[in-house]
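Engineer: Generate coordinates for the entire structure from the input sequences, incorporating the hints supplied.
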Amino acid sequence: MVSDTDETSFLLFQQRIEIHKLRQGENLILGFSIGGGIDQDPGQNPYSEDKSDKGIYVTRVSEGGPAEVAGLHTGDKIMQVNGWDMTMVTHDQARKRLTKKNEDVVRLLVTRTNLENVVRQSMQ
Amino acid sequence: MVYSKLLTAFRYVPARKLRSSYSGLLVIPKQKFTTLGKRLFSFMTLTLWNSLTASDDNWGETTTAVTGTSEHSISQEDIVRISKDMEDSVGLDCKRYLGLTVAAVLGLLVFLTPIAFLILPQVLWRDKLEPCGTACEGLFISVAFKLLILLLGTWALFFRPPRAGMPRVFVFRVLLMVLIFLFVVSYWLFYGVRILETKDSNYQGIVQYAVSLVDALLFIHYLAIVLLEMRQLQPMFSVKATRSTDGETHFYSLGHLSIQRAALVILENYYKDFSVHNPALLTASKSRAAKHMAGLKVYNVDGPENNAPGQSRAMITAAARRRDNSHNDLYYEEADHDRRVKKRKSRLVVAVEEAFTHIKRMQDEEQKKAPGEVMDPREAAQAIFPSMARALQKYLRTTRQHQYHTMESIQQHLAFCITNNMTPKAFLESYLNPGPTLQYSQDRWFARQWTLVSEKAVTNGLNDGVVFVLKCTDFSLVVTVKKIPFIKLSEEFIDPKSHKFVLRLQSETSV
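As they're listed, the protein sequences go chains D and Z. Be aware that the first sequence starts at 54, since it is given in our numbering, and climbs by one per residue. Be aware that the second sequence starts at 5, since it is given in our numbering, and climbs by one per residue.
Hints may be right or wrong, so weigh each one.
What the hints assert, rightly or not - Capping the alpha-carbon separation at 30 Å, the derived lysine-lysine pairs in DSSO-like fashion look like this:
no., chain 1, residue 1, chain 2, residue 2
1, D, K107, Z, K501
2, Z, K429, Z, K347
3, Z, K504, D, K107
Rather than coming from a laboratory, the hints here were simulated on the basis of the structure.
Structural biologist: As structure tokens, this is what we get:
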């Protein structure tokens, strides 16, 4: 399910995405890969505009997985997961917040550079 | 005053050889007035000590009771000890004195040779000699000093009293003596042929000849120092010495030494490194071994055939298969013993601390003021000893150390600790930890006569893999030699500016 509520009133260019986890064997998978974190090297991030940004980015979305169905794209920066902030976390903490076993649904707040352009275009 | 009478304890030695003669009991003098006399301090202490000593049931007594009426019986070990003393004293002295006299004679000969070289021409053909100026006088002085140094050096190297008696001669010393002898003989030969026969008149030449002899002797002395003293200093071998009864092991580093000298070094270190040999601690494993042996019996049902190897193998397999719970017994027994020792130790520590609070050191000013009940350390020790005697004796019995400490030795130690302002913990230290053999009195060492048992000749040098045994009457030390490996060291240069760091690569996790 995709819900597009653009929060243009705060000029934050963010999108809320709700992903339902898929059960594969005894694991619950979301179907994408993350990179980044405050303990990682931000200069290696291909998706960030500012090379000192240590946030969590989506590096790969698997085909047909729950994340692709929900509308997540590569290069998205994840700002919040279920209300928890992801802009100042280590890589491992981010992984743990996404893979909690007792949650079936994760609600992400993501931002995207081209989303920014799309909103700006629609405002003109 | 009670405290002024020193407690002289008499060892209890019965007229006949009884079981109680080695038990460390003390004679209690008869008291004239029984009620008051029994309250006498010394009487109480002695009675207390005897009661504690005699009431031990688990004491491993090994002397058998000889209840015959002869007073002149001696035991088997006495006989062996006496005969060994006799033969050793005779044999060793002979060899040592022979070696010493030969060396002394040679030394005297060598010392007098240069002097003889110088004096003989003066005596025999004085009128024919050319006068010799200041050069000769300088040479005389140098000869005198060099001979003095040679004398001191030879005494230091060869004639100091030896530390021990070795089974065989010292190979290097013999070689050096032979070398010196040949050297001096050749000098005499040349002197006799060239100078005495021709009556050479060049006195300076003769003096220089004597000086060259002394110089050469100094160089031989230098060689002797290197061979005898310095060759063994650099460590080349790591030697492991293990005691055969309880497995206590120590490691030593030795240089190039012959087997007998290495044995000597190890024995000297034995007395200060190894803890004292306590036969009472080995009885537990012996009883376990006896139980294993007594478990199975083999019966031959096929007739009188002698199938010994088959029998023993059958016994071993049967013993392995049998459900043996002796490990359980060992575990619980050891846990029990540890608990008992700890309990007695805590009681002992409390008793000793309390006892030490009863005395106080008097300052100098107070000493003049109160000449009341002033005691010297020995009396003070005797005063506080009874309050800790019971706890101490019980602890020593539990750890099987009671034979190493007599009442006099404990009181002496207590007086020593009081004099030196030691705390109760310092006083107890020598009873809580068994110290090295040297700290105990000589009759408790169990290690006086040593025999070197070796497959190779004892004058051979140490080598990798050499094994020899130092045997004593009760136990033996097994010694293994291992060579220290040859180390190849290479260098690597690191530029101090080359220490640079980056964060790790971006890791990617799929969720």
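Engineer: Now tell me, hint by hint, if it's right for this structure.
Structural biologist: Now for the hints, and whether the structure bears them out:
A hinted pair counts as satisfied when its Cα atoms are at most 30 Å apart, and D:K107 with Z:K501 qualifies at roughly 29 Å. As the CA atoms of Z:K429 and Z:K347 are separated by approximately 16 Å, the hinted pair is consistent with the 30 Å bound. Between the alpha carbons of Z:K504 and D:K107 the distance comes to roughly 22 Å, so the proposed pair stays at or under 30 Å and holds.
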